[in-house]
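There are 8 protein chains.
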Amino acid sequence: MIERRLTELLRQVAAGETSPEDALQRLGNYPVEALEFAQVDHLRPLAQGFPEVVFCEGKTPEQVVEICASLERSSGMFLATRASAAMQQALRARYPRCEVHERARTVFLPPDPPVPPTGSGVILVVTAGTSDQPVAEEAAVVARAMGNRVETLMDVGVAGIHRLLRRSEELRRASVVIVVAGMDGALASVVGGLVRVPVIAVPTSVGYGASFGGVAALLAMLNSCASGVVVVNIDNGFGAAAAASRISHRQDSE
Amino acid sequence: MIERRLTELLRQVAAGETSPEDALQRLGNYPVEALEFAQVDHLRPLAQGFPEVVFCEGKTPEQVVEICASLERSSGMFLATRASAAMQQALRARYPRCEVHERARTVFLPPDPPVPPTGSGVILVVTAGTSDQPVAEEAAVVARAMGNRVETLMDVGVAGIHRLLRRSEELRRASVVIVVAGMDGALASVVGGLVRVPVIAVPTSVGYGASFGGVAALLAMLNSCASGVVVVNIDNGFGAAAAASRISHRQDSE
Amino acid sequence: MIERRLTELLRQVAAGETSPEDALQRLGNYPVEALEFAQVDHLRPLAQGFPEVVFCEGKTPEQVVEICASLERSSGMFLATRASAAMQQALRARYPRCEVHERARTVFLPPDPPVPPTGSGVILVVTAGTSDQPVAEEAAVVARAMGNRVETLMDVGVAGIHRLLRRSEELRRASVVIVVAGMDGALASVVGGLVRVPVIAVPTSVGYGASFGGVAALLAMLNSCASGVVVVNIDNGFGAAAAASRISHRQDSE
Amino acid sequence: MIERRLTELLRQVAAGETSPEDALQRLGNYPVEALEFAQVDHLRPLAQGFPEVVFCEGKTPEQVVEICASLERSSGMFLATRASAAMQQALRARYPRCEVHERARTVFLPPDPPVPPTGSGVILVVTAGTSDQPVAEEAAVVARAMGNRVETLMDVGVAGIHRLLRRSEELRRASVVIVVAGMDGALASVVGGLVRVPVIAVPTSVGYGASFGGVAALLAMLNSCASGVVVVNIDNGFGAAAAASRISHRQDSE
Amino acid sequence: MIERRLTELLRQVAAGETSPEDALQRLGNYPVEALEFAQVDHLRPLAQGFPEVVFCEGKTPEQVVEICASLERSSGMFLATRASAAMQQALRARYPRCEVHERARTVFLPPDPPVPPTGSGVILVVTAGTSDQPVAEEAAVVARAMGNRVETLMDVGVAGIHRLLRRSEELRRASVVIVVAGMDGALASVVGGLVRVPVIAVPTSVGYGASFGGVAALLAMLNSCASGVVVVNIDNGFGAAAAASRISHRQDSE
Amino acid sequence: MIERRLTELLRQVAAGETSPEDALQRLGNYPVEALEFAQVDHLRPLAQGFPEVVFCEGKTPEQVVEICASLERSSGMFLATRASAAMQQALRARYPRCEVHERARTVFLPPDPPVPPTGSGVILVVTAGTSDQPVAEEAAVVARAMGNRVETLMDVGVAGIHRLLRRSEELRRASVVIVVAGMDGALASVVGGLVRVPVIAVPTSVGYGASFGGVAALLAMLNSCASGVVVVNIDNGFGAAAAASRISHRQDSE
Amino acid sequence: MIERRLTELLRQVAAGETSPEDALQRLGNYPVEALEFAQVDHLRPLAQGFPEVVFCEGKTPEQVVEICASLERSSGMFLATRASAAMQQALRARYPRCEVHERARTVFLPPDPPVPPTGSGVILVVTAGTSDQPVAEEAAVVARAMGNRVETLMDVGVAGIHRLLRRSEELRRASVVIVVAGMDGALASVVGGLVRVPVIAVPTSVGYGASFGGVAALLAMLNSCASGVVVVNIDNGFGAAAAASRISHRQDSE
Amino acid sequence: MIERRLTELLRQVAAGETSPEDALQRLGNYPVEALEFAQVDHLRPLAQGFPEVVFCEGKTPEQVVEICASLERSSGMFLATRASAAMQQALRARYPRCEVHERARTVFLPPDPPVPPTGSGVILVVTAGTSDQPVAEEAAVVARAMGNRVETLMDVGVAGIHRLLRRSEELRRASVVIVVAGMDGALASVVGGLVRVPVIAVPTSVGYGASFGGVAALLAMLNSCASGVVVVNIDNGFGAAAAASRISHRQDSE
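Chains as they are written, first to last, in my numbering: chain Y, 1 to 254; chain S, 1001 to 1254; chain C, 2001 to 2254; chain V, 3001 to 3254; chain B, 4001 to 4254; chain A, 5001 to 5254; chain R, 6001 to 6254; chain D, 7001 to 7254.
Because the hints were derived from the structure by calculation, they are not lab data.
Fair warning: there could be bad hints in the mix.
Calculated lysine to aspartate or glutamate pairs in the EDC-like style (CA-CA distance at most 16 Å, straight line) [to be verified]: (1) B:Lys4059 with C:Asp2155; (2) C:Lys2059 with Y:Glu102; (3) S:Lys1059 with V:Glu3102; (4) V:Lys3059 with R:Glu6102; (5) B:Lys4059 with C:Glu2102; (6) D:Lys7059 with S:Asp1155; (7) A:Lys5059 with B:Asp4155; (8) S:Lys1059 with V:Asp3155; (9) R:Lys6059 with D:Glu7021.
Residues on chain C that point at chain V, a partial pick, calculated with CB under 7 Å [as the list claims (entries may be wrong)]: (10) Gly2207; (11) Ala2210; (12) Ala2216; (13) Asn2223.
Ideal Cβ placement from N, Cα and C applies to all residues, glycine included.
Whole structure, please, built from the sequences with the hints as guidance.
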């Protein structure tokens, strides 16, 4: 688009229809378009073919439906996170085909026909306790929607370290691990020491008192004694999935 | 002392040297001494035969020496914690027999002749990393001084979980475990899940940035997913030892 | 199970059915099972004969009932903490025999026939004010369920120090003291100075404004001027009971 | 009232009883000046006859000497707090008569001849531990300098509650009590429950780790379970003394 | 009671009915009663003739009524703070004579016949904004109930400094000032500079965002540039009144 | 200046040119009153002709209506912020002419006939995301009500930097920019670097977990790497508008 | 520069020396330069003719001199803030003409010949106490260097409110007010209520204990009860000056 | 080692020298060794051929040299981070061949002969300001030492957004981006929006006042509006490099 306009302008200059001075002036007015043009290349959707994800909190069900509808029209799919029951219902009513994950509070309208996974390897989502599951499911649903193969390993908290060690086979198969844990967040450090692949730690707000809504787990994970463990915001299953998807789609960017 | 005064007063009453009315009046003036007397029983030194421990921070070397000398005169022994190099030197100069633990910053003048351990079982001090050792040593020195048998297990942080698991024999022998760890404090949870005996967690100020001087480890330990793990103040090796000694001397109180 | 497989493998080697090389290879594949086997010994239930405790927060009543039922089937008993009214009702409906403690929000299905206390000595639960009672009751119920004898001393806050001192007889009888206090948390220090046995301090979220949901009491307790006082998370009556039970069952581990 | 005085003044001017110049002079104290005039009455020095107190931190020794000299010229006395060793030396060199309190870091040049105490009753300064003494001494020195009778009760922390109770006679004599305590700050609550007179709590930065430079004591004191305990900033012995002096000079303002 | 027992014991010793040794033993058993005896003197109600104040938060309406009824029976009066609407209703139903202050959430049953104020001088309650009034009213109601004369000065925040200065007459009449302010808490410093009498600052939770539920005001007040301003907990109108009442009844204790 | 006016006034009284009554009336504005008088000049409504703004939080709908009615009577207009739905309804019922902004929770009764903008230039309100709009609208409504021309630029968060850069024309037209952003607050720094005019940053409470109710954005804005960015309280759209209006009306004060 | 290159390119196209296709390709490679070109307009130095300000903290004296020299070469002037004594010396040695402000830790090399102020009106810098002066001086020096007329009003803290009110004349003359205050930060609110012009509040780290390095003042200022007060980072005199300069140069941007 | 013992045991069983029962018993005693054996596989050095990294803080120069020497002996290389000047000197003295990076405080002894990079793609380290360079260099040195190709992009903070956009070519080449920024941490969000590859954000402690030692940047990064940005601890250049190296070596684990 920008390219067309620039081509035309230059043609006019070459043809003498526009003086260099006028052309300069008009170029001077297009800084943004020029920028846009430049950035078309590296501002493509995060995961190719994947539209913006709708974060529903702080929106009305009507707004959510409207935004999802707009995405559906342009891309044939949408993904909504932190959707309330009302939003889930509204989206299901309009798009019976969509996948509603109640506990994860996500609604996903997959492309039709479905697209095979585009990310390499397997993203493994590991949780410390059953209360961490909603966040873990958000991560799993989002990662799958973004074109990744996902496996899960639930309820392997470190207070019973054997529960985790018994699953070392699954840990070894993963190419990225998302560790979801509240309370003491210790699972991230233990897993970080057991695998060599990227480990993304998600602190959850599970706990009470001095867990301070997930701060204890957040700090523990930021101070993990296992080197190279990275952290996202409390309860941010979406962010962990997006980060894992950046990793599993990494070769695309070279 | 109080006992002597009461005995004498009662003797005088029995001998008719003091009237009951006078005696009552004099007793009426001694509520505190009466209390003191009453509390002699349950306000005995924490570990029998063990005098007050001198916390040196915020005192001058002169003050520390004076207090230790006073303790030495009354009990033939003393224990000083958080002693600076100057204090260590001053105490060693005056009491060549005393044991100086530089890294633990403690000075202990043991009773002469030595007294065999009075606490039951073994207190095991476990550390996550080498930087946690000064705190761990303070705990070990204090626990020994208080009449306990002490063993140590160093540098078994959870990022290399096998280092810890390999030592399960030692863990199993302990009757109280003191876990000393900074950074993510995760070791407390793992150990808490491996043993059934009391576990006292000591967060250390080891770390930087979001460890906030040990707060990350403190919070993680307070939120330990292993049930029944208890916590003391950051870097408080002394407190952990005192708690462990309360436990190992517990049967004395029944 | 592991044991059976190992026995069979060794039998095959002895019988020449499997070569040592093959056996080595197959052993190499069972690290986790081997571990599991090894840990059966020291990963026994915390208090012998006592199954996992169900922390109800963040679960649905249906989930809670299902988990309790599973525990009941395997062990003939269960203990659920932080149970909502709905959960209490659901459990009572299914297990009319169970003990529901409304204020403590716990539901306990005792073994049938009842088991006499297994822990040595008496765990004394002391509270500063009447608002601290729900947490204190959780501690008492849990400690009893875990096989301990429990006594309580209520409403002896330090603003009326005589209320506490008047009860020194009860304090002296205890072999472990759990101090439950909100606001200034001062009771832990006073009790810590009055007794020689282990003292476990539980800060409560009682208070407002600068109590910050129990942080004031937590910090005060961590900084107790009485040496050897240990602390658990805010409102964590369960944790204090589990710690006390570790102490009173301590001799079992030697 | 002001209106009446103005009416009368204007009447006098109109009647020639007062010249415009005199009236101006009397008004001279008005608008902005009038405000100042009005406030002369209630903006008198805090304790009558007492000049501004010099807070030395963040000033150079030269500045401190200059300000003190100015105060000495106008009032014949001065009081400097938080004076460094260099400042203490400089002031002593210039005013050999001045009282230097090294530990309290205060320098006081008393009026000559001395003035008897103007405040009613006795201000009692109580400390939990020996490390709290510098703050306690600042409070004592300032309170005396402000014209109050001051007594002290040192090292009566609640971990040995009998040490405090034994001194109930002194507590009972006080008409205001300043409680200086770091760590758990528990002393304020116990004293607040023992006396009926005003209790001013001064948290100190004594402690380490989770004392957070006195925050633990500050919070505990703000949440004191003894009603009517008031609090000043951490280590603010000066402020506590000023508050106590406001109380003991209170009758002056009626 | 204790006295009687001691008298009898001493009589027996004097009469030879009890040996000094036996008496000593029996005295050894009475430490607490002895203490209780000694403390009867200085553990009188805070303000003479005033029973314990009932803090209703965390209690049921039934409990509140029961406690108030018990106080009414023993003292003919009661004061309940932080009473919910239900509690207010329940108390009013049972004690039609009681004074219910809805905004202050207090219920006061005055003695019958009424008792004239016992505190000296006037306690002035000053507020910065209209939203601070509930806390200010709690302070005023409590202070009056405790036997003090109380005046109020509402809505004189420092953003319109003339509103405050115009009321200097009232400020000057006060013998204690309670300053109630949220947000920036600046009123405490301005008032502290305008009067010489004791100033008690009450931060309120009025505000949003970075007021952090009153922490901004609390910190500002603790750091007041006016010397001798003291502070109580956030929203603690009761505590400020109790402190003011300690001050206005101070002469009683000498 | 005051002095000159007083001298002249007194001269006139002395000369009989002015009666004492008239002089009194003119002085009427003095001492405490005089102060008020003096300040009439610089205590005029913030934006000329603009009455006090009603902050509705913590008030009842009845109180809000009453205060607005009082303002309407005196000034023919009013502006209420943080008005609940009930308040909005009540005001609309009584003043059908008033403008209700539901999302901004403001109600504005404009002067009748309308007054043209009095502030110079254009205030541009920029938001990072759609969830920031309620705060942005509050800012816009208030700024307009205070007599300013306002434009808005919505949903130009920095994660898609081209969305912002594309609008550089609008940025360039602004004479004051209000940046409204939650989460990472990064928009303030980018805008601060793009324009030379004053930039007022409003952190919003949009976010979750470690956004801590807007603290993350607040801190980021206070630490903006663009120099000269100023900040107001979290969600304080009103304050930003008032600050912008102070700026756009600035020339009035010289 | 960009402009020249574009002009040349267009000239070549017009002259047939470059084909439109080649030109397009070359333009396609300049997205950034195109942007730069566009932004030349609104990315001019903050205050016209004013180069980047050098923040010295975290740099070596050599680096500082090198950067300043580079600025001097390009613009004939420089301004360095937070310069250590060593940096001040090094700059003075090389540029004897430069102005060194020791207390403000700034070094300014003014243009030669000097440039008259370019900002409209007067920026007034007001401080609460003498310890706030270094920050206030930084603000004053920077504002002057940026082309503004600056006045100062020192030591007018609100504890002696008359000191401030007496200077209302100076306050009224200001067209922007910078309020510099530590401790309780109350001065910002009082000044904000006294003037109608923009007020920029600078919290300082002056204070101790619960001032938390300026946090108390920062929070108080963010919660100012005077509407439209804006805030910069703690001790950020530079930022306040830059903000004030944005305001006083505001008309330039329209 | 374990392998040898198992082989021997199995050989004995095969040879009939040990019965299966005895062997089982002995295996039962080796759970940990069995584990160790099993974990050899997945507990290999993080990056193949790379030994443990030495974190020097809290160690003495002697200890550092000793540990490095041990690593050198076993692996022919070592990497030490956070090395003080003294440690750098000591290591250089002993290993003249080692690379000392003063600003990054790292010492690296590369393998000899050098090993070509093993990680795929390019790790790009981007910094906001010059003060962030030490942390960025630590990241770069560590990443290179771990076998990665590394590029850097310095001083492209968002206050001059064009500086960053001009370098979009370099951003586009990266396969992992490490963003190092203090103060407002905004660079992470802008870069996160510009690239599709993994972005690791490192907050630095650069800043003052309300940056709280890097907390402002940390929180901003955790709340990044760009999805999929992950975060490590403050100043943790090492951790970011380790995480990036996990990513770039990821394919190895499948």
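We went through each hint and held it up to the structure:
The suggested pairing of lysine 4059 (chain B) with aspartate 2155 (chain C) holds, with an alpha-carbon distance near 14 Å, which does not exceed 16 Å. With a C-alpha separation of about 14 Å, the suggested pairing of lysine 2059 (chain C) with glutamate 102 (chain Y) holds against the 16 Å cut-off. This hinted pair checks out: lysine 1059 (chain S) and glutamate 3102 (chain V) have alpha carbons roughly 14 Å apart, not beyond 16 Å. Between lysine 3059 (chain V) and glutamate 6102 (chain R) the alpha-carbon distance is near 14 Å, which keeps this suggested pair within the 16 Å criterion.
Between lysine 4059 (chain B) and glutamate 2102 (chain C), the direct Cα distance comes to roughly 14 Å. Compliance with the 16 Å bound is thereby established for this hinted pair. Distance restraint check for lysine 7059 (chain D) and aspartate 1155 (chain S): the Cα-Cα separation of roughly 14 Å lies within the 16 Å cut-off, and the hinted pair is therefore satisfied. With a CA separation close to 14 Å, the supplied pair lysine 5059 (chain A) and aspartate 4155 (chain B) stays within the 16 Å bound. Distance check on the hinted pair: lysine 1059 (chain S) and aspartate 3155 (chain V) sit about 14 Å apart at the alpha-carbon level, within 16 Å; holds.
The hinted pair formed by lysine 6059 (chain R) and glutamate 7021 (chain D) fails the criterion: a straight-line CA distance of about 71 Å is larger than 16 Å. This hint holds: glycine 2207 (chain C) has a C-beta 5 Å from the nearest C-beta of chain V, less than the 7 Å allowed. The restraint placing alanine 2210 (chain C) at the interface with chain V holds, with a minimum CB-CB distance near 4 Å, inside the 7 Å limit. Taking 7 Å as the C-beta cut-off, the interface hint given for alanine 2216 (chain C) holds, the closest approach to chain V being about 4 Å.
With a cut of 7 Å, the hint placing asparagine 2223 (chain C) at the interface with chain V holds, because the nearest CB-to-CB distance is about 4 Å.
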